[in-house]
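Novice: Given only the sequences and the hints, what does the whole structure look like? Please build it.
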Amino acid sequence: SQTIHQWPATLVQPVGSPLSLECTVEGTSNPNLYWYRQAAGRGLQLLFYSVGIGQISSEVPQNLSASRPQDRQFILSSKKLLLSDSGFYLCAWSGEGPGELFFGEGSRLTVL
Amino acid sequence: GDSVTQMEGPVTLSEEAFLTINCTYTATGYPSLFWYVQYPGEGLQLLLKATKADDKGSNKGFEATYRKETTSFHLEKGSVQVSDSAVYFCALKTSYDKVIFGPGTSLSVIP
Chain A
1 SQTIHQWPAT
11 LVQPVGSPLS
21 LECTVEGTSN
31 PNLYWYRQAA
41 GRGLQLLFYS
51 VGIGQISSEV
61 PQNLSASRPQ
71 DRQFILSSKK
81 LLLSDSGFYL
91 CAWSGEGPGE
101 LFFGEGSRLT
111 VL
Chain B
1 GDSVTQMEGP
11 VTLSEEAFLT
21 INCTYTATGY
31 PSLFWYVQYP
41 GEGLQLLLKA
51 TKADDKGSNK
61 GFEATYRKET
71 TSFHLEKGSV
81 QVSDSAVYFC
91 ALKTSYDKVI
101 FGPGTSLSVI
111 P
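Residue numbers (my numbering), protein chains in the order written: chain A, 1 to 112; chain B, 1 to 111.
Any given hint could be a false lead.
Selected chain B positions facing chain A (in silico; Cβ < 8 Å) [said to hold, decoys possible]:
(1) 29
(2) 32
(3) 40
(4) 44
(5) 93
Listed below are the simulated SDA-like cross-link pairs for lysine to any residue, each with C-alpha atoms no more than 20 Å apart in a straight line [claimed, not checked]:
(6) B:60 / B:98
(7) B:56 / B:30
(8) B:68 / A:98
(9) B:98 / A:38
(10) A:79 / A:56
(11) B:60 / A:100
(12) B:98 / A:72
(13) A:79 / A:14
(14) B:98 / A:55
(15) B:98 / A:17
(16) B:98 / A:75
(17) B:98 / A:65
Hints in this document: simulated from the structure, not taken from any laboratory.
All of these numbers come straight from a predicted model, not from anything done at the bench.
Backbone N, C-alpha and C fix where the C-beta goes; we use that ideal spot for every residue, glycine too.
Specialist: Now the structure itself:
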């Protein structure tokens, strides 16, 4: 069966520090991968998605970036965090076509 | 661009009342449509989906019909229960695998 792992679960970072959130999927090949941010009491904002290695689509121009160094690994990064980057970040995967999304457990980021 | 609009609520209903949560979308091509649910303290999970026009998705007493002519995918349930209290998200998946969500609708069902 397929599983998705996302870490770290919680982190507190100072403004201006770097960020790296990692997500890996097991039990499938060539998944579509997604990064979302969910603000408290609000919906999911799509940040990046990838349909294959080296193929990253950015939906929100900001100081975040994403990379897919391996087929089942998706990394969200920042060189310098802003206060506004605080939030709950969700990684998800799906198969091709009309398949549903499967979510990781999320990473709660607090920027101080 | 692609977008999903849904009533944001919060919605408060008495047990056994009828539920409708409206969802409309804008997308190029022929997207697949989804409803996800997030129960308190839990992650998002798929509630139902429809992949082409006039398809009806159903699960746990909830239904939604893909209406291409009105670009809508409204969620309905004939008789809600306290256990249906959750946040409901409408979402679409484009033909190039982009998935976007509506803002979510918070539902509270009171006994």
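Novice: Hint by hint, which ones does the structure fall short of?
Specialist: Structure breaks hints 1, 3, 6 and 15.
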